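Sequences are here, hints too, so could you generate the full structure?
Number 938 in the working numbering belongs to position 378 of the sequence shown; there are no gaps in the numbering.
Bear in mind the hints are in silico, worked out from the structure with no lab data behind them.
Check each hint, because a few of them may be wrong.
Cross-link-like lysine to aspartate or glutamate pairs, in silico, EDC-like; alpha carbons within 20 Å at most [claimed, not checked]: (1) Lys886 to Glu961; (2) Lys1100 to Glu575; (3) Lys639 to Glu961; (4) Lys1080 to Glu1097; (5) Lys916 to Glu961; (6) Lys1048 to Glu1085; (7) Lys916 to Glu906; (8) Lys886 to Glu648; (9) Lys916 to Glu943; (10) Lys661 to Asp636; (11) Lys1048 to Asp1076; (12) Lys857 to Glu968; (13) Lys886 to Asp636; (14) Lys639 to Asp791; (15) Lys914 to Asp936; (16) Lys661 to Glu628; (17) Lys886 to Asp962; (18) Lys1080 to Glu1052; (19) Lys886 to Asp649; (20) Lys1080 to Glu1053; (21) Lys713 to Asp649; (22) Lys909 to Glu943; (23) Lys1080 to Asp853; (24) Lys1080 to Glu1044; (25) Lys857 to Asp969; (26) Lys966 to Glu628; (27) Lys661 to Glu722; (28) Lys857 to Asp974; (29) Lys966 to Glu878; (30) Lys661 to Asp720; (31) Lys909 to Asp920; (32) Lys639 to Asp969; (33) Lys1100 to Glu687.
Simulated DEER-style distance windows between Cβ atoms [to be verified]: (34) Ala1068 to Pro935: 28 to 38 Å; (35) Glu616 to Pro576: 42 to 52 Å; (36) Asp951 to Asp791: 33 to 43 Å; (37) Gly745 to Glu961: 49 to 59 Å; (38) Glu616 to Pro719: 49 to 59 Å; (39) Pro642 to Asp1089: 33 to 43 Å.
In this text, all values refer to a predicted model and were calculated from it rather than measured experimentally.
Note that the Cβ used here is the ideal one computed from N, Cα and C, for glycine as well.
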Amino acid sequence: MSAPAPSPLAIVDAEPLPRQEEVLSETALAFLAELHRRFTPRRDELLARRAERRAEIARTSTLDFLPETAAIRADDSWKVAPAPPALEDRRVEITGPTDRKMTINALNSGARVWLADFEDASAPTWENVVTGQLNLIDAYTRSIDFTDERTGKTYALRPDEELATVVMRPRGWHLDERHLTDAEGTPVPGALVDFGLYFFHNAQRLLDLSKGPYFYLPKTESHLEARLWNDVFVFAQDHLGIPQGTVRATVLIETITAAYEMEEILYELRDHASGLNAGRWDYLFSIVKNFRDGGPKFVLPDRNAVTMTAPFMRAYTELLVRTCHKRGAHAIGGMAAFIPSRRDEEVNKVAFEKVKADKDREANDGFDGSWVAHPDLVPIAMESFDRVLGDRPNQKDRLREDVDVKAEDLIAIDSLDARPTYAGLVNAVQVGIRYIEAWLRGLGAVAIFNLMEDAATAEISRSQIWQWINAGVVLDNGERVTAELARKVAAEELANIRAETGEEAFAAGNWQQAHDLLLKVALDEDYADFLTLPAYEQLKG
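Below you can see the structure in the form of structure tokens.
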């Protein structure tokens, strides 16, 4: 007996957009409805499992490699599927949202890969969700161009062979798309919307271009969540007549629980896996979130004091490289978030040196590629990896068998010789308010103090304020971090922004709303799992 036809999806509370019927066709919506019917119940179960695991961490203040999957880790015979030619060389990847200008600039950037982001670098307004899909369709059909109204400058694509390969990042499992609901009014998970629309419209088109539908999978917390993604891929390929194994997925290891399941995650996705990525800010956010009540030994210092050379971060990145290469997968390094200044060459000089040192370290550690946030950083990162790789596409043959990471090494937070400071508290408040204000205007990637910030940096900012208050941290100036101190710093920052922007611009922005939302998620006794959940309720569009 055949399965019942899925209920049609309704588009709710959304103003019609130009050309939206090209993305939200009847057949595309029917495909989303089938994904929703089949996979949302399992998504819901896995979200409930996250809460259970967090409760267990709160009780034990520890994590370990899973005993029930020891056989998978011990079995040296399995490998992930070989990389397709378009993903064999990933030495530099640029990240950014899918607005029209960024789409052209990222594809033209000289990077080997563009992470086309529907997740942390994109606020999920309906316009961003739909037009982002349109921009990618237009890029693949070479019908995309852009003229900057302010400068009159025009942007167009270079020849196909010079363009970056797209690896698209859908939203995480925890976020719903409120504008698409089933007959019962249940919203479709944002992850299935982003994946489904992109796959439906572009899978065959990408095959015709000798590429394929490639994905970055964010916020994964367990191998069971990777298994769900794998089942989505298998169904989608069968349903649309795309050969099995066409999809390739790179999983961001940006949660502390996933760090203990790297091999299992690759195993679950082995026919579709192409690598793992080390995502720094979300990883730190996850440590704070999971061990927020674990006492002083889990208190993180200022976020900018936690570099990738911290012992527990070295353990994480070296384990990732070893795991990937043992299984034939790419290991992709972290973000260089610096945004070059057009006015201050000294700022650029110092920052470029830091970026170079970071990329040199990654290349020397065995990573096969790394991320940058700005086209000007592509040559710097490229030079670091060219020097190590030469003409080779990657260094997956470097097995890093010298690496031996124990379970406790990954959570040895107190091995870092740094303490929270008053300046760190101020910076957390500044970045939090300024990022949230932009996000509420529909911007997900925001330049703040010469760094490209996304939702992950706002998450670590508000989480650190929460943790420092609840742990009774005493700062370098002798002040104890309290809710009152956080409110005082936030009020001062709001006054500074008002003076900086002027009354008219201040009134036109979302500054008070952003200030209030930051304090809510930083001070509420009941810690919100994700800042973007309450923020989405306030997002217009």
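Report task. Compare the structure with the hints numbered earlier in the document and write down the numbers of the violated ones, lowest to highest. Result -> As far as the earlier hints go, 5, 10, 16, 21 and 32 are violated by this structure, in ascending order.
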